[in-house]
Every structure is written in structure tokens, then in C-alpha cells.
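Q: Now for the letters of each chain:
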Amino acid sequence: MYAQMVKSEKAIGGPELETFQARIDAGEKIEPKDWMPAGYRKTLIRQISQHAHSEIVGQLPEGNWITRAPTLERKAILLAKVQDEAGHGLYLYCAAETLGVSRDKLTEMLLDGRMKYSSIFNYPTLTWADMGAIGWLVDGAAIMNQVPLQRTSFGPYARAMVRICKEESFHQRQGFDIMMKMAQGSASQKRMAQDALDRFWGPSLMMFGPPDTESVHTEQSMKWQIKMNSNDELRQKFVDQTVPQADYLGLTIPDENLRLNKKTGHYEFSEPDWNEFFEVLGGNGPCNSERLAARNKAWDDGKWVRDGMMEHARKKATKESEVSE
Amino acid sequence: MSSPAIDNEWPLWEIFIRGKHGLSHRHAGSLHAPDAELAIKNARDVYTRRNEGLSIWVVEASKITASSPSDKGPMYEPAQSKVYRHPTFFDIPDDVGAM
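Protein sequence lines, in the order shown, are assigned to chains A and B.
FYI, this note's numbering numbers position 168 of the first sequence as 175, with every residue one higher than the one before it.
FYI, this note's numbering numbers position 14 of the second sequence as 12, with every residue one higher than the one before it.
These are calculated hints, taken from the structure and not from any lab test.
Heads up, some of the hints might be wrong.
Stated by the list, open to error - Derived EDC-like pairs: lysine to aspartate or glutamate, alpha-carbon spacing no greater than 20 Å straight-line:
#1 Lys326/A with Asp33/B
#2 Lys326/A with Glu58/B
#3 Lys323/A with Glu58/B
#4 Lys304/A with Glu7/B
#5 Lys70/B with Asp41/A
#6 Lys323/A with Glu35/B
As the list claims (entries may be wrong) - What follows is a list of derived Cβ distance ranges for each label pair:
#7 Tyr74/B with Ala301/A: 46 to 56 Å
#8 Thr63/B with Asp32/A: 23 to 33 Å
#9 Tyr255/A with Thr63/B: 49 to 59 Å
We put the CB at the ideal spot given by N, CA and C, even for glycine.
Same shape as in the complex, but just chain A (with noise of 0.2 Å):
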């Protein structure tokens, strides 16, 4: 519905982006021909394919155990886990192109390593329990942050997001089932339990991204309505939400520091590793190279199937047009 190669008219504006802005404070939602300020444009095409290319990287540690997977209901719920994974990621690079960026740049730039995913897919997938904490706790934390962003100001973004969280919800229970059986199996099925919530802890709240007093662009894109909440108030409510039901599988969280402060009702917890979560960023996590290398793999063995799929569209719609001529 919406042209692909929007010029705006102005790259800064003065009455403009008050005009802008003051739509926006109204909770009026911003569509994709609508003028919009360039950094407004920019911020949200960084953002909005970082979380496309999430979703496609994302399938790949859990794409690790569809082979494996203990049964065979166990391998169809994972394997229509992974494929929403797949949709999540087309929603949300439908949305980027709107703003007048090609899919295939897009691509190009999340395997010349110019755009980023989400570091917690760098980290591997060891065992079986390994996708249970995932569910739970990675697609728990990804709630956190998409269920306000279906009130973000870019349309359709926002109606992308509405898609996701629907689905997501089946995803954090599906995890969370896994690690019940677990946790409630045999000792060294509740061990593995454990060590997959201990290894993920970590990295999990690492996705909220780095604390507010470092957080460099949070204030403008929270005016924007682009980031709806802070990184350290969604980690708080990811925490809050977490330590009772990891109580409720009987597994311990691996922070010494944890507790609840009576007084505010919050948990206070210790920052994970920081200086773990920048490298990771900055490519040198346990799976980065595997990562891309995985998706530049299947970029490349695609083209032939790609470039021949088109090529026999073309011909098919020539050969059309001489026989209606």
C-alpha cells in the first residue's frame, strides 16, 4: 500500500518537526508517505531491521535442535516456533522498506556485518533445556520490550509489533513448558534445567541493553515514541516477572546479590558482566562468526533458486503479454 521510496521534503524542519512532533505527543500514529524528520527516518530503519535481522538470526540457535528434539510433538511446536521467527523477521523488514530502504541492502548490510542483531543469539545452544530457557527467558525478555512498541508512533511499525506479540505468547509458554518437564524430571534433567538458566541469565538481561546513565539516544527516541520504556525499567519488570516463576521450577537464579526490597516490592539484582555483553556486540561472542557465516551460507546457496525464480517470472509474464497482443 505505501510508496517504497519516500523523499522527504525537508531533511530538517522548523515548523515542521513542531507540527511533527506535536502529532506525535497526540498519539497520532506517523505513516510512511506522512513528512517525518530524517533522524526520526534513519533512527527507525536502524532499529526496526535490527529487530528484523534478530528474528532471522534468531532461528539459528533453535534451528540447532529441530533434529534432536526429544519427541516428535516437541520437534512440530519448535519447528512452528522457528517459522514464526521467519514471519517476525518479514514483518518487520516490510515495515523498514516502507521507509524507503530495499530489503535486499538490508540483507547486504546484515552480512557485511554493517548491522547488528540482538547479542544473545552469539551464545550457543548446549542442550535440550537450552531451548526451554530460551522460550522462557529470551522471548520473555523480548515481550518486555514489544509489548509497548505496539504503541510506537510509526504505523507500521506498530501494527508489525501488534502481529508479533500475539504470537511471542506462545513462544514464552512453550519454553516455560520445557522447563518444567525438566525441572520437574529426573536429577540430571533438573540439572540440566539448571545450567541452562545459568548460562542464559546472564545474556538475558544483557538484551535490555546497556544502564539508562549509558544509554546514549534514549531520550530523543523516547520523545519520538520509538522506545517507549528506559533499558533499566524494563530489565527491573523482566526481574520482577522472572525470579517467582524460576521459585515456582524449584531452580535458583544465579545472582548471590538477589532480593526482594520489601520496601519498593522490586528485586534488586547484580548488573550482568558489561564488558561480556560489548564484546559480544562487538562480533567477538562465542557464535558471532557462525552466525553470520550461517547467513551468508544461505544467501549465497539461495541466489541460483532467487535469480531463476525471477528469471522464469520474467519469461512467463513475456510470453503472456505476446499472446493477449
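With chain A fixed as given, assemble chain B onto it according to the hints.
A: Showing chain B alone in chain A's frame:
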């Protein structure tokens, strides 16, 4: 590192889906596909994984003509002053009954 061909990108299609309850087709989103037939197949996978649809329309995005936001005034403002087009404009006495 590969260098993807940007010039051979599959065209963009807009997807319209009829939901279950006898509604009209509604815009669901967009996707890339080499032709209409595959656009429908892809739309089935991308937009109807949970029984969201009974019927799919696809149309190439470049074939759609859209109104411009800057025409909003001349296009829609004339309707604002014509309140008599709404039934609530007319006061009908209660005694007349439902109308």
C-alpha cells in the same frame, strides 16, 4: 563475505486477507515474491499460520496508486461541514418511535 545483487530483488506485493467472519479483504502486510502465484503461496505461510484467512488477494505494490498526505485538506475537509449526512443531525420526536 558475499555481495548480494541488489538489482535482481523480487518485487514487493501487498497482501489482503479475508478473515473468517464474512468481512471484506483487509491489508495484512507485504512480502517479496517473483510472481503473483508465489506471492499467494508465501502469503499463506507468512500471514495465515493461525487460521487468519479464508481468501487472499495479492497485488504488486508498484501498481497501487495512493493519495498524498498533503492533499488531506482538499480531499477530506469538505465532508466535515456536511453534518446533515449523518442521521443524528435530525431530531425526531420520541413519539414517532424507532426510525
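Q: Could you check the hint for me, namely that Thr63/B and Asp32/A are 23 to 33 Å apart, CB to CB?
A: Roughly 32 Å apart at Cβ, these two residues keep to the hinted range, so it holds.
Q: Is the hinted pair Lys323/A and Glu35/B satisfied, with a Cα-Cα distance of at most 20 Å?
A: Holds: Lys323/A and Glu35/B sit about 12 Å apart, inside 20 Å.
Q: Take the C-beta atom of Tyr255/A and the C-beta atom of Thr63/B, compute their distance, and say whether it sits inside 49 to 59 Å.
A: holds, 56 Å
Q: If you draw a straight line from the CA of Lys70/B to the CA of Asp41/A, is it 20 Å or shorter?
A: Measuring from Cα to Cα gives roughly 11 Å; hence the hint holds.
Q: Straight-line Cα separation of Lys304/A and Glu7/B no greater than 20 Å?
A: Given pair Lys304/A, Glu7/B holds - Cα atoms ~18 Å apart, limit 20 Å.
Q: Lys326/A and Glu58/B: Cα distance at most 20 Å?
A: holds, 19 Å
Q: Against the 20 Å threshold, does the CA-CA distance of Lys323/A and Glu58/B hold or violate the hint?
A: holds, 16 Å
Q: If I claimed the Cβ atoms of Tyr74/B and Ala301/A lie 46 to 56 Å apart, would that claim hold in this structure?
A: 50 Å Cβ-Cβ, so the 46 to 56 Å window holds.
Q: For a C-alpha distance cap of 20 Å, please report whether Lys326/A and Asp33/B respect it.
A: holds, 14 Å
The structure fails none of the hints (numbered hints given earlier).
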